[in-house]
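Residue 15 in full-length UniProt numbering is what sits at position 15 of the sequence shown, and the numbering runs on without skipping anything.
Careful: at least some of the hints might be erroneous.
Cβ-Cβ distance ranges computed for the label pairs, FRET-style [what the hints assert, rightly or not]:
id	residue 1	residue 2	range
1	K83	L155	31 to 39 Å
2	P63	D206	21 to 29 Å
3	L155	S87	42 to 50 Å
4	S193	S19	37 to 45 Å
5	Y22	S152	28 to 36 Å
6	G210	L155	19 to 27 Å
7	S193	G137	21 to 29 Å
8	P213	A172	23 to 31 Å
To be clear, the hints were calculated from the coordinates, so they are not data collected in a lab.
Bear in mind that the values here come from a model prediction, so they are computed numbers and not experimental data.
We treat Cβ as the ideally placed atom computed from N, Cα and C, and that holds for glycine.
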Amino acid sequence: MVGGFERAAERYDLLVGLSPGYHGALTRSAARLRCPDGGRGLRLLDAGCGTGASTAALLRVAPHARIVAVDASAAMLRRARRKSWPSTVEFVHASLEELDRAGVRGPFDGVLACYLLRNLPAPERGVRLLRDLLVPGAPLALHEFSVRGRPSARLIWTVVCWFVIIPLGRAATGRSGLYRYLWRSVLEFDSTSELVERMRRNGFHDVRVGAMPGWQRGIVHTVLGRRPSLEQA
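Produce the entire structure from the sequences given, and follow the hints as far as they go.
As structure tokens, this is what we get:
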């Protein structure tokens, strides 16, 4: 789906800006990493940064951290780089699987991955790659849609997609494929319990789920876990 994001990049910020609570939810997930002292002395990874909305969320909660933001879409990164950033933020064009080749190596003191796992060709491997990038004991926050097993959430998601997201996406870009993919992929993705189990199965401890307020309740979640500390390993 990288090609779909490439074509949508120019209007992406406009579209997500029309979604009530979108940026607040990203900030909520970033804050759940609980970076002490504004992130001073920490190195954080924004995996799947897109046009930089999640990077800005990390910067709001950890203004003193060094942030490496990566994405597989060159067009999305171009949009991100046009914005104003402090020198502590670095953008890198790479997929999660190619980070090492792009010169992005751990360990990181925390990872935020927003809407990433659902779009990976191999989510199981993706969780392991994210784990291996972390300092022992450090947290991963997955910010993700999950409606499986929640009939009311599935209904709300479908209504929002077909009456808001898909028509707006088509009007803004002249195409609807990416937005129909978004609707379908969310319906097919893990339930929160399956996502928790996926993280535990791949070596994360202290896994828990954080809810969102407003229309995103039951639809968007933060799933948090920690790489085991050296004592737990």
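Results of checking the hints against the structure:
A beta carbon spacing of about 36 Å between K83 and L155 agrees with the range 31 to 39 Å that was offered as a hint. The hint said 21 to 29 Å for the Cβ distance between P63 and D206, and at roughly 26 Å that hint holds. Here the CB-CB span from L155 to S87 is close to 46 Å, well matched to the stated 42 to 50 Å. Taken as a hint, the range 37 to 45 Å is violated for the pair S193 and S19, whose Cβ atoms sit roughly 26 Å apart.
Look at Y22 against S152: about 21 Å separates their beta carbons, and that is not inside 28 to 36 Å. Checked against the hint of 19 to 27 Å, the C-beta distance between G210 and L155 comes to roughly 23 Å, which is consistent with it. For S193 and G137, the Cβ-Cβ distance of about 25 Å falls inside the hinted range of 21 to 29 Å, so the restraint holds. A beta carbon spacing of about 26 Å between P213 and A172 agrees with the range 23 to 31 Å that was offered as a hint.
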